[in-house]
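There are 2 protein chains.
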Amino acid sequence: MANITKKVSWSSRADESGAAGEGTPLLNGSEQPRLSRQVRLAWWLTERLTATTPEQSEGGSIFQIGRLSTVDLEEEITSDEVKPELETLFLSHFLDYDNIENQLFLEEERRMSYLGFRCLEISRWVVCGWIGFLTGLIACFIDIAVEELAGFKYQVVKENIEKFTEVGGLSISLLLWAVLNAAIVMVGAIIVAYFEPIAAGSGIPQIKCYLNGIKIPRVVRLKTLVVKVCGVICSVVGGLAVGKEGPMIHSGAVVAAGVSQGRSTSLKKDFKIFEYFRRDTEKRDFVSAGAAAGVSAAFGAPVGGVLFSLEEGASFWNQMLTWRIFFASMISTFTLNFFLSIYHKNTGDLSSPGLINFGRFEGDSVAYNLYEIPLFILMGAIGGLLGALFNILNYWLTIFRIRYVHRPCLQVMEAMLVAAVTATVSFTMIYFSNDCQPLGPEHAEEYPLQLFCADGEYNSMATAFFNTPERSVRSLFHNQAGTYNPLTLGLFTLTYFFLACWTYGLAVSAGVFIPSLLIGAAWGRLFGILLAYITPNSWADPGKYALIGAAAQLGGIVRMTLSLTVIMVEATGNVTYGFPIMLVLMTAKIVGDYIVEGLYDIHIKLQSVPFLHWEAPATSHWLTAREVMSSPVTCLNRIEKVGTIVDTLSNTSTKHNGFPVVVQVLGNEEPAKLCGLILRSQLIVLLKHKVFVELARSRLTHRKLQLKDFRDAYPRFPPIQSIHVSQDERECMMDLTEFMNPTPYTVPQETSLPRVFKLFRALGLRHLVVVDDENRVVGLVTRKDLARYHLGKHGLEELQLAQT
Amino acid sequence: MANITKKVSWSSRADESGAAGEGTPLLNGSEQPRLSRQVRLAWWLTERLTATTPEQSEGGSIFQIGRLSTVDLEEEITSDEVKPELETLFLSHFLDYDNIENQLFLEEERRMSYLGFRCLEISRWVVCGWIGFLTGLIACFIDIAVEELAGFKYQVVKENIEKFTEVGGLSISLLLWAVLNAAIVMVGAIIVAYFEPIAAGSGIPQIKCYLNGIKIPRVVRLKTLVVKVCGVICSVVGGLAVGKEGPMIHSGAVVAAGVSQGRSTSLKKDFKIFEYFRRDTEKRDFVSAGAAAGVSAAFGAPVGGVLFSLEEGASFWNQMLTWRIFFASMISTFTLNFFLSIYHKNTGDLSSPGLINFGRFEGDSVAYNLYEIPLFILMGAIGGLLGALFNILNYWLTIFRIRYVHRPCLQVMEAMLVAAVTATVSFTMIYFSNDCQPLGPEHAEEYPLQLFCADGEYNSMATAFFNTPERSVRSLFHNQAGTYNPLTLGLFTLTYFFLACWTYGLAVSAGVFIPSLLIGAAWGRLFGILLAYITPNSWADPGKYALIGAAAQLGGIVRMTLSLTVIMVEATGNVTYGFPIMLVLMTAKIVGDYIVEGLYDIHIKLQSVPFLHWEAPATSHWLTAREVMSSPVTCLNRIEKVGTIVDTLSNTSTKHNGFPVVVQVLGNEEPAKLCGLILRSQLIVLLKHKVFVELARSRLTHRKLQLKDFRDAYPRFPPIQSIHVSQDERECMMDLTEFMNPTPYTVPQETSLPRVFKLFRALGLRHLVVVDDENRVVGLVTRKDLARYHLGKHGLEELQLAQT
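Chains as they are written, first to last, in the UniProt record's numbering: chain A, 1 to 804; chain B, 1 to 804.
Mixed in with the good hints there might be a few duds.
[Claimed, not checked] DMTMM-like cross-link-like pairs, simulated, lysine to aspartate or glutamate; straight-line CA separation at most 25 Å:
{"no.": "1", "chain 1": "A", "residue 1": "Lys-673", "chain 2": "B", "residue 2": "Asp-772"}
{"no.": "2", "chain 1": "A", "residue 1": "Lys-704", "chain 2": "B", "residue 2": "Glu-750"}
{"no.": "3", "chain 1": "B", "residue 1": "Lys-673", "chain 2": "B", "residue 2": "Glu-311"}
{"no.": "4", "chain 1": "A", "residue 1": "Lys-784", "chain 2": "B", "residue 2": "Glu-109"}
{"no.": "5", "chain 1": "B", "residue 1": "Lys-704", "chain 2": "A", "residue 2": "Glu-750"}
{"no.": "6", "chain 1": "B", "residue 1": "Lys-708", "chain 2": "A", "residue 2": "Glu-148"}
{"no.": "7", "chain 1": "B", "residue 1": "Lys-673", "chain 2": "A", "residue 2": "Glu-750"}
{"no.": "8", "chain 1": "A", "residue 1": "Lys-163", "chain 2": "A", "residue 2": "Glu-148"}
{"no.": "9", "chain 1": "A", "residue 1": "Lys-673", "chain 2": "B", "residue 2": "Glu-774"}
{"no.": "10", "chain 1": "A", "residue 1": "Lys-708", "chain 2": "B", "residue 2": "Glu-750"}
{"no.": "11", "chain 1": "A", "residue 1": "Lys-208", "chain 2": "B", "residue 2": "Glu-311"}
The set of hints was computed from the structure by calculation and includes no laboratory data.
Sequences are here, hints too, so could you generate the full structure?
As structure tokens, this is what we get:
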């Protein structure tokens with residue numbers, strides 16, 4: 001046990017004989033001072049939450065482990081304001097990715113013919129087709145809306161600037177620009193902060209959590225989608241340093257969750273189709289398809305989309321599922337492409353898929369040379385370092401926001417401030433820049449600002465700032481050598497870096513992909529230009545270095561490798577740069593991971609959800625199921641009194657979600673044997689429909705409860721408080737045989753943590769029953785039991801659970 | 001039970017109380033006539049095997065289920081010659097992809113520090129780097145050898161033809177060509193047929209099996225690699241209709257299996273490194289990396305390689321593993337690229353990775369139009385049909401070969417015959433073709449044959465036939481419109497189709513990728529040319545249609561989608577055609593799957609190995625673990641008599657491989673409780689080291705058996721017959737506690753087949769213990785128990801196991 005920071009003590013072998021409860025790990029008080037600072041902070045947060053909120057255990061949806069940081073906080077959080085923000089953050093449910101194979105389910109499956117299964121399979125393809133189509137349409141809508149509105153805005157500002165350049169008084173132009181931006185962003189921030197806070201940010205951490213098995217409330221609702229779409233339009237049009245690509249992933253996921261259920265709970269409309277898909281397992285599969293379709297639409301990268309879904313979400317890889325995901329991605333990019341080709345008035349031209357298109361990299365066949373590979377690796381390392389810096393800064397900012405900026409009005413004000421500052425900084429940069437470039441016919445700058453340049457020239461700084469970020473990226477990739485001077489690029493990188501960092505985490509819908517690419521493209525191009533000074537060779541094409549820099553920066557921030565490589569390759573439309581892109585992404589990841597985690601992982605950690613990583617921590621073979629499990633376990637009898645069930649469910653201190661069902665041999669004092677597992681949601685449906693043994697006997701025509709009743713209630717099962725059970729009914733009995741899962745997965749107490757972890761992760765479990773060698777229930781392992789172990793600086797650390 | 005073709009009867013609920021053995025499914029004799037024909041054939045084969053070979057049950061490595069076909073055989077197989085061939089085919093072991101977490105293992109893991117795990121992780125990366133490097137080198141060697149030898153051969157033949165064209169007597173040239181080809185192929189066939197029959201073919205089915213958990217003997221040995229590499233050089237140089245790409249996948253896998261073990265058993269050289277990786281789980285991970293590196297080197301497609309490994313092999317997707325696979329792929333393509341660039345005398349030019357390079361598709365930005373999409377779909381359908389035809393013909397041919405061509409000398413003769421026929425047909429086609437084309441400077445035909453053409457012209461048919469297939473593919477993709485006339489292409493398609501079909505399955509190392517691409521490119525180009533006649537539009541670029549046709553044909557034969565799309569895109573170096581390629585691959589797969597399975601699946605089926613697909617058959621919810629499991633189970637006591645163990649292992653009629661370990665309560669008649677699982681291989685090591693309780697007591701210095709002893713014996717554990725146990729020793733006792741896996745996965749008897757299947761597939765299990773509600777062993781589910789259920793024409797079918 002030497003390498004566990006906090007020692008875990010447990011009782012002697014005696015507990016193996018069934019004395020459950022003794023096996024719980026106990027906190028050894030004297031060991032507390034050895035806990036590292038962040039563990040203490042987490043603990044502090046937990047303690048506060050425990051003290052202030054009534055619902056707290058696994059079932060109760062508030063997760064208590066605050067796994068905060070790898071960066072030490074210098075001061076304790078003492079403000080009371082932290083609570084409400086954390087409360088929304090901490091709220092999370094868990095998803096059951098293990099099929100509940102109870103009698104009802106098996107009966108239905110057995111009734112179904114081979115043809116029935118074929119029909120189901122076809123429905124799955126149809127659903128995926130719809131997911132792709134609708135995601136593509138949404139992407140198309142966002143793109144056109146942004147294009148039109150931003151075009152209008154830039155036109156107004158440009159005219160104003162041009163008017164005032166000569167007569168003087170450009171401060172009025174600045175004011176106009178800043179006010180316009182702030183106003184647009186205000187709209188976006190208000191809908192997010194007041195109507196649907198979950199729609200803030202890119203939504204990628206939330207979707208990662210969903211695919212991992214954690215459901216953050218309202219994450220896949222229709223309202224979230226609407227707010228997300230309007231929000232992202234406002235943020236991009238408002239000139240913030242954000243992209244419209246990240247939110248597409250969230251949007252796709254919401255579309256998928258909606259379409260696959262064949263109804264909308266928000267709109268109270270049930271189409272009575274796809275009822276078979278109304279369970280977590282099926283829904284997850286569609287949500288991964290939706291996320292993939294989102295990526296596909298955003299970057300025109302169907303294969304990249306599939307890989308994104310798999311890299312970020314899936315654990316069990318199923319061939320048919322992958323193909324369906326691929327199909328959804330294809331349809332999505334095709335739909336977007338088709339409608340955009342109509343919008344751009346060249347119907348049928350399908351060669352520019354995706355919201356962002358990096359443009360064609362034309363060049364000779366020798367695109368890069370062996371000698372450049374060390375340079376690429378160097379750029380990857382720089383990207384890793386800058387990415388880590390970005391993440392650290394953003395982490396601190398997020399902590400600050402959690403602490404002080406949690407009221408909606410403050411959030412809106414902050415967003416407006418950022419919008420105004422962005423406009424001001426941009427204006428100042430443009431104003432003081434005297435980098436004039438000739439306005440050639442091949443420069444397709446949409447809004448060239450002449451400002452103080454000579455006639456026939458335009459301000460080069462303005463191409464970077466006075467433009468949507470997507471266009472700026474393209475300019476950096478493709479403008480000829482000499483278009484930008486190094487100082488412009490350096491200043492731009494610096495300011496945009498801090499602006500983007502400040503922006504991510506605001507209460508607006510926005511993605512971080514494009515700003516990252518833009519920062520990287522800027523310093524990459526700078527790198528290329530500087531290289532051209534040193535080496536007289538002709539191979540230092542700045543556009544190429546801009547591409548490599550963009551990959552390095554993005555890789556350094558988000559730390560994806562395989563999927564990002566494919567996305568970048570698909571977005572550039574050319575595999576020539578595939579190898580260098582891989583190389584920089586790998587380097588950026590290795591360098592960055594050495595310092596701090598990826599941006600999405602940081603935000604997932606800040607949400608304190610029990611996210612299960614791919615593998616158990618390396619040194620966790622010390623631990624066995626006995627130490628890890630929660631115990632004693634609240635069990636139910638196969639035929640149980642209604643009163644007991646209601647009390648168990650109502651008990652807020654042990655708001656469990658899964659209950660082992662046991663058979664008690666009458667007249668026998670021995671602990672009971674496991675015979676099944678039943679979920680809170682199932683019990684609630686049973687109580688709601690009053691499936692009591694006595695009532696069934698007394699009624700002549702007894703409508704048997706069907707799977708449909710469970711599906712109708714899915715996924716918003718009512719709370720136990722809303723179900724009225726009379727005093728008489730409390731005395732009735734409930735027979736759980738038909739509804740419980742009769743074959744839950746079990747492990748013996750000696751099973752090592754990695755083995756338990758593997759079972760959990762591979763099968764997507766939520767509860768795992770620990771039994772002794774007589775098949776008696778000893779404990780229950782849940783997701784949070786596994787998530788609390790992690791590798792810290794001092795080896796394996798256990799994050800303390802508040803004792804409830 | 002209505003939709004199971006062969007009814008399974010089992011005894012009443014009584015067997016639940018522990019009366020194991022009663023639960024075995026019994027063949028209801030009267031139901032026999034209802035078995036479909038292929039089941040009967042399979043049964044017949046099984047019966048024959050059962051009658052003729054002594055080792056036959058799960059452990060004994062002969063698998064008895066003959067799942068032969070979806071095509072009915074018209075006649076019964078009556079020849080006796082079928083046996084020896086089938087015997088080699090049927091021989092297979094199974095792999096343990098579930099870690100054996102016994103006490104020794106856990107102790108080692110616990111001793112290891114965090115740093116130790118970091119070192120292991122770094123070793124894994126180092127191993128992957130080596131795998132990539134060596135695979136790249138092998139690819140490079142094959143490429144250069146083929147280039148040099150084929151160049152020499154074509155030069156000789158070309159000079160000969162030129163000499164005889166004018167003076168007449170071209171029959172001598174034909175003879176020279178045919179004899180040269182036959183001689184070269186003979187060498188390749190001899191080494192394959194006599195030295196290592198497993199090296200025949202592309203090796204992809206074998207690697208699929210390996211990753212699935214079935215080890216076909218000698219598949220990853222050094223000797224196999226050597227024979228494979230030499231064999232493929234001979235086949236390609238010998239002018240067969242084969243490619244050198246498929247075998248790269250097998251080669252990569254062998255390299256991986258070798259490097260990762262840090263020793264070569266064949267060379268009797270142990271480097272004493274990477275000892276931790278000497279178990280099936282770790283080895284599998286490296287083998288997938290090797291297969292990916294092979295694909296990567298073959299097609300210059302690192303991402304495609306990763307996807308190939310995942311699509312064809314993996315079940316549990318682990319992020320770190322994927323990145324390592326990706327790394328190996330990158331290194332592999334880089335190595336190949338680098339060394340080839342030296343060979344081609346432009347060191348450092350890294351822009352043409354892969355053994356095959358489809359060349360750059362230059363074109364305007366509007367590469368294809370919306371109107372062409374239905375045409376692509378049509379081509380996909382044609383590809384699916386032609387692919388299915390190819391597969392059916394090849395299936396029949398393989399059956400024929402199994403039946404009549406199983407002696408090595410016959411196999412060599414057949415290969416020589418094919419070589420000679422290929423040369424003759426090619427020559428005839430070239431001879432009778434009068435399709436002369438002007439010899440422009442931009443035609444980079446390596447060996448333009450003038451033959452009867454005018455000066456400054458060359459024979460167009462010869463570009464297709466008188467060339468390595470890789471070059472022919474490139475010509476078809478890139479030669480200008482008008483280079484080929486339709487008749488030439490039509491004839492070429494027809495002859496090459498049958499030649500390729502005849503060739504696949506010969507006793508030579510050869511891949512089917514390139515011939516498929518070539519057939520497809522030929523008819524695709526033909527399609528494009530014919531289209532140009534009908535439509536006056538300029539968009540019918542025949543090269544583009546050749547590409548689409550190639551994708552359609554390859555997809556129709558091998559039925560991969562995601563990985564093949566990426567491979568094609570990476571090989572063309574252009575994502576513009578990504579969407580149409582996806583579309584045709586999907587269509588080809590759907591159309592083809594409707595008729596017959598993919599080529600690799602057919603060959604896997606013909607090997608009658610218990611291949612586990614992704615999911616249990618759709619209508620299998622009827623079945624539970626009770627019906628599926630084998631029972632009664634041979635159990636061992638925790639402390640067991642050596643004699644019993646030796647007898648159990650020597651029992652050839654029940655050559656089991658996994659034994660549940662039980663504790664018998666003394667003086668209690670009840671069946672014993674499960675406390676672990678031990679494998680045959682472990683028992684053999686224990687017996688070899690004479691780990692007996694009595695000996696341990698008597699010796700003063702007792703060297704404790706360590707994990708190292710098991711690792712040293714891995715993977716070639718000696719047979720039980722080779723271990724001598726004296727009569728005295730038979731009376732000793734063996735304590736299995738320390739060596740058995742104390743926490744095997746278990747399921748209750750009521751678990752449905754899909755649930756069992758999922759557990760098996762997700763965790764890579766080999767044995768799953770079925771227990772009753774008191775944790776007593778009732779049965780054991782093995783891979784073959786699951787593989788025997790499949791969806792046939794009449795719903796769920798159970799393939800009969802011969803009763804041994």
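Against the structure, the hints:
| no. | hint | in the structure |
| --- | --- | --- |
| 1 | A:Lys-673 <-> B:Asp-772 | holds (11 Å) |
| 2 | A:Lys-704 <-> B:Glu-750 | holds (23 Å) |
| 3 | B:Lys-673 <-> B:Glu-311 | violated (40 Å) |
| 4 | A:Lys-784 <-> B:Glu-109 | holds (24 Å) |
| 5 | B:Lys-704 <-> A:Glu-750 | holds (23 Å) |
| 6 | B:Lys-708 <-> A:Glu-148 | violated (69 Å) |
| 7 | B:Lys-673 <-> A:Glu-750 | holds (15 Å) |
| 8 | A:Lys-163 <-> A:Glu-148 | holds (22 Å) |
| 9 | A:Lys-673 <-> B:Glu-774 | holds (8 Å) |
| 10 | A:Lys-708 <-> B:Glu-750 | holds (23 Å) |
| 11 | A:Lys-208 <-> B:Glu-311 | holds (22 Å) |
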